[in-house]
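Trainee: This is what each chain is made of:
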Amino acid sequence: MSKFGRKGKKKNPEISTASLPDIIFMLLFFFMVVTVMREDDPKVKISKPNATETEKLEKKSLVDYINVGPPTDPRFGTEPMMQLDDSFAELSDINQWIVDNRERRDEAEKPAITTSLKVDKETRMGIVTDIKQELREANALKINYSVNKGSVTDN
Amino acid sequence: MARRGLQEINAGSMADIAFLLLIFFLVTTTMDQDIGILRQLPPPIPPDMEKPPEVKQRNVYEVLVNSNDQLLVEGRPMDIRELKAGAIEFYTNPSGSPDLPQLTRVTRATVQDNLNKLRQALSESPDSEELKDKIDTWEDKLIAIELIGDYSELPGSALISLQNDRGTSYEMYIKVQNELSAGINELRNTLSEEKFGVPYSGLSTSDDNDKPKIKAIRAVYPQRISEAEPKDLGGS
Numbered sequence: 001m002s003k004f005g006r007k008g009k010k011k012n013p014e015i016s017t018a019s020l021p022d023i024i025f026m027l028l029f030f031f032m033v034v035t036v037m038r039e040d041d042p043k044v045k046i047s048k049p050n051a052t053e054t055e056k057l058e059k060k061s062l063v064d065y066i067n068v069g070p071p072t073d074p075r076f077g078t079e080p081m082m083q084l085d086d087s088f089a090e091l092s093d094i095n096q097w098i099v100d101n102r103e104r105r106d107e108a109e110k111p112a113i114t115t116s117l118k119v120d121k122e123t124r125m126g127i128v129t130d131i132k133q134e135l136r137e138a139n140a141l142k143i144n145y146s147v148n149k150g151s152v153t154d155n
Numbered sequence: 001m002a003r004r005g006l007q008e009i010n011a012g013s014m015a016d017i018a019f020l021l022l023i024f025f026l027v028t029t030t031m032d033q034d035i036g037i038l039r040q041l042p043p044p045i046p047p048d049m050e051k052p053p054e055v056k057q058r059n060v061y062e063v064l065v066n067s068n069d070q071l072l073v074e075g076r077p078m079d080i081r082e083l084k085a086g087a088i089e090f091y092t093n094p095s096g097s098p099d100l101p102q103l104t105r106v107t108r109a110t111v112q113d114n115l116n117k118l119r120q121a122l123s124e125s126p127d128s129e130e131l132k133d134k135i136d137t138w139e140d141k142l143i144a145i146e147l148i149g150d151y152s153e154l155p156g157s158a159l160i161s162l163q164n165d166r167g168t169s170y171e172m173y174i175k176v177q178n179e180l181s182a183g184i185n186e187l188r189n190t191l192s193e194e195k196f197g198v199p200y201s202g203l204s205t206s207d208d209n210d211k212p213k214i215k216a217i218r219a220v221y222p223q224r225i226s227e228a229e230p231k232d233l234g235g236s
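Protein chains in written order, with my numbering: chain A, 1 to 155; chain Z, 1 to 236.
Note that these hints are calculated values from the structure, not bench results.
Beta carbons are placed, not taken as given, at the ideal position from N, Cα and C, and that holds for glycine.
Do not rely on the hints blindly, as some may be mistaken.
Unchecked claim - What the simulated footprint calls covered on chain A by chain Z, stretch by stretch (three residues with Cβ under 8 Å from a Cβ of chain Z suffice, anywhere in the stretch; the number is not a length): (1) 51-65; (2) 118-129.
Unchecked claim - Simulated restraints on C-beta separations: (3) Thr78/A - Thr110/Z: 57 to 63 Å; (4) Glu8/Z - Arg104/A: 49 to 55 Å; (5) Glu139/Z - Ala89/A: 40 to 46 Å; (6) Glu55/A - Ser128/Z: 34 to 40 Å; (7) Ser61/A - Thr110/Z: 43 to 49 Å; (8) Glu109/A - Leu41/Z: 17 to 23 Å; (9) Glu90/A - Glu54/Z: 34 to 40 Å; (10) Glu129/Z - Ser151/A: 42 to 48 Å; (11) Ser128/Z - Glu90/A: 42 to 48 Å; (12) Thr92/Z - Thr52/A: 16 to 22 Å; (13) Gly149/Z - Thr52/A: 27 to 33 Å; (14) Val99/A - Glu54/Z: 32 to 38 Å; (15) Ser128/Z - Glu109/A: 27 to 33 Å.
What the hints assert, rightly or not - Once the Cα atoms are required to be at most 20 Å apart in a straight line, the calculated EDC-like pairs of lysine to aspartate or glutamate come out as: (16) Lys149/A - Glu186/Z; (17) Lys56/A - Asp210/Z; (18) Lys121/A - Asp69/Z; (19) Lys213/Z - Glu193/Z; (20) Lys213/Z - Glu55/A; (21) Lys149/A - Asp34/Z; (22) Lys56/A - Asp207/Z; (23) Lys117/Z - Glu130/Z; (24) Lys142/A - Glu227/Z; (25) Lys60/A - Asp34/Z; (26) Lys121/A - Asp34/Z; (27) Lys56/A - Asp34/Z; (28) Lys84/Z - Glu55/A; (29) Lys59/A - Asp34/Z; (30) Lys43/A - Glu122/A; (31) Lys211/Z - Glu58/A; (32) Lys84/Z - Glu227/Z; (33) Lys43/A - Asp86/A; (34) Lys60/A - Asp86/A; (35) Lys43/A - Asp34/Z; (36) Lys45/A - Asp34/Z; (37) Lys142/A - Asp34/Z; (38) Lys60/A - Glu107/A; (39) Lys215/Z - Glu193/Z; (40) Lys59/A - Asp207/Z.
All chains, full assembly: derive it from the sequences and hints.
Mentor: Below is the structure:
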């Protein structure tokens, strides 16, 4: 290396950043395709159980969600609570909530309204049974138990 | 103007725009797959209605879950992994056991016969809703026979009765519902593969050719999971 003098400093080749946006756009399209716009912030911690015999919910616009689980904010305690739309609610609020949801939809769609129960897997059945009784009284008979797809015997 | 060679477009700001959009989507969306087990709740019973007629013990598959998540099926403790096989046994009664329902053979002749009798009765009392419902049921059976041939079916009152305690964990409840559904779906898939070459899960409700096939398979293996009115079982 000493025999040949360095003919002036060689500039380090610049890293071309032209392809960087392409990579980012690819990631962006991936997220746009795979994800779903989140409806309401869950105020309760929900760890869904696994099941294999599942079906996809057809029309998302005709699905209403009830979340049940221990609150994310420890100030509310550790007992499971029920969340309707974006706030906590009592069992007695379910009837009015169902009626309101029914009002929002067209006549033809009313019988197809599904209520999806997203319940934490550690919850005891007492509160879930009460919620189902209230749904029966409100004539919201199509229900869906929200689960993750997976083997039931894994746990 | 002399050409300077290709000018490089500064791509730095494109990357910024793309990052912003990406962060927006990361924050506002979830990868939550919306799947679940669909069920239909029974309509509420008005308090003054009389009790429904007693169903024969052999036609009811009793599944009890207590607050310790233990299963008691037909009076015997059972592991959750055996429940699917138990449900299949209830539906098919391969050994002809007197503790399980007696299946009746449905043939084209009997269906035609019944339909003719019902239609005659309907012509005599054309407003009877009950007769119209019965005719609908038998017409479904006729469709089933045309697509599948003769089959054996459960008695009309046979059902799987599920009762859980208020202290049962939701996870166990879902497992039980899943295994019962799994048993029925396995029967449906096997029958569909045998007769149509496609498993039942492959039939589509939006395809008009598949709809009668779906109806036929449901007629042979109806999903009859009934949840008893809730009450406290304690640690039974």
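Trainee: For which of the previously enumerated hints does the structure constitute a violation, in increasing order of number?
Mentor: Going through the list in order, the structure violates no hint and respects every one.
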